[in-house]
Amino acid sequence: MAQSLEEIKASFEAPTHRLVDGVQVDLTAEEIEETLNMWADNELARQLDEEANGYKTARQMSYPQIAEQLDKLFHDIDGGLLGEDAKTGSLYLALKEVKDNNPKPSE
Amino acid sequence: MSTVQVDTINESTTNAGVTVDGVLIKDGQVDGVDVSTLSVDTNNLVKLSSATASNSTDITFDNFVDNSVYASYLLYIENHTPQNNANNLWMTFRNSSPADFTDSYLGAYYERRVGAGAGTDAEGKQTNTNYGDVWGGQTSTTANTLSATAILHMPDSGLARLHIDGSLKNSGNIHMWIRRDIITNTATGAKGIKLYQASGNITSGVYTIFGVKK
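Protein chains in written order, with the numbering used here: chain A, 1 to 107; chain B, 108 to 321.
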């Protein structure tokens with residue numbers, strides 16, 4: 001659950017300076033407050049987005065590579081799990097042709 | 108006018124080298140530059156500015172653009188480390204005032220992921236208001252810093268573009284090779300650039316701007 005804006009803001013150390021053309025420029029009290037508010041707003045938005053959409057990233061990070069997914073599908077078809085007719089489909093036939101043309105050394 | 112015509116000129120004083128019209132030639136170097144390493148590329152790169160972050164809110168380079176001299180610009184980012192974990196590195200182009208460009212920033216990216224649990228690679232696109240999203244989800248661990256090179260095209264009357272290529276480890280300890288391209292939607296004539304985190308300081312990093320001479 002996302003933190004409150006106040007909690008987030010309190011978690012930040014107050015910023016002190018910027019670097020402009022390599023030179024340190026100290027922040028005014030007003031700029032420090034503006035920066036803390038901006039950081040808090042952005043972090044709250046990040047937390048809310050993570051709550052709503054984090055599963056998408058988690059899934060994306062966990063799915064096998066596309067080639068591996070297709071290989072699993074091929075073997076499911078080859079094993080008859082999708083019915084014998086699936087072995088006449090263009091996906092199966094295309095992958096089967098590649099495999100037949102490049103057999104494993106043990107085959 | 109007379110001419111000195113000899114095969115070899117040696118230094119007279121040990122380790123002093125030979126000076127010709129104020130230019131010191133010594134131990135394979137000309138005025139301290141090892142000329143054997145020079146190439147067309149290095150000759151055409153001119154260092155314009157640099158900065159070293161130390162818990163800094165942003166890294167800003169203002170008014171470095173001179174398109175009468177330079178065709179484009181390079182931004183080297185070495186070991187960029189954010190203060191806060193898993194938040195994004197953002198950028199804005201700057202005008203001559205100098206102030207941030209307020210515009211839509213259009214971004215496209217490709218990420219190649221390596222490591223246990225890396226999962227599938229990712230690609231995507233996004234539009235952000237008043238900033239470009241350079242990098243997301245970088246860990247604050249100093250061992251997993253971001254290093255990258257960005258090509259900047261900032262024409263006087265055209266859209267500003269940043270094309271960055273680099274690598275890091277993200278907050279999930281996954282090695283990521285990322286390419287991103289960011290372009291302004293309508294704003295033209297950028298003169299500078301600002302890098303900053305969505306939240307928190309930039310703990311450390313070295314940032315250098317070069318001009319690529321025409």
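I should point out that these hints are in silico values taken from the structure, not numbers from a laboratory.
One thing to keep in mind: the hints can contain errors.
Stated by the list, open to error - Within a straight-line C-alpha distance of at most 16 Å, the following computed EDC-like cross-link-like pairs (lysine to aspartate or glutamate) qualify:
#: 1; chain 1: B; residue 1: Lys276; chain 2: B; residue 2: Glu185
#: 2; chain 1: A; residue 1: Lys56; chain 2: B; residue 2: Glu230
#: 3; chain 1: A; residue 1: Lys99; chain 2: A; residue 2: Asp76
#: 4; chain 1: A; residue 1: Lys99; chain 2: A; residue 2: Asp85
#: 5; chain 1: B; residue 1: Lys154; chain 2: A; residue 2: Asp21
#: 6; chain 1: A; residue 1: Lys9; chain 2: A; residue 2: Glu34
#: 7; chain 1: A; residue 1: Lys9; chain 2: A; residue 2: Asp21
#: 8; chain 1: B; residue 1: Lys232; chain 2: B; residue 2: Glu185
#: 9; chain 1: A; residue 1: Lys56; chain 2: B; residue 2: Asp173
Here is what the structure says about each hint:
| no. | hint | verdict |
| --- | --- | --- |
| 1 | Lys276/B with Glu185/B | 14 Å, holds |
| 2 | Lys56/A with Glu230/B | 13 Å, holds |
| 3 | Lys99/A with Asp76/A | 15 Å, holds |
| 4 | Lys99/A with Asp85/A | 19 Å, violated |
| 5 | Lys154/B with Asp21/A | 12 Å, holds |
| 6 | Lys9/A with Glu34/A | 11 Å, holds |
| 7 | Lys9/A with Asp21/A | 28 Å, violated |
| 8 | Lys232/B with Glu185/B | 25 Å, violated |
| 9 | Lys56/A with Asp173/B | 43 Å, violated |
Against the hints set out earlier in the document, violations occur for numbers 4, 7, 8, 9.
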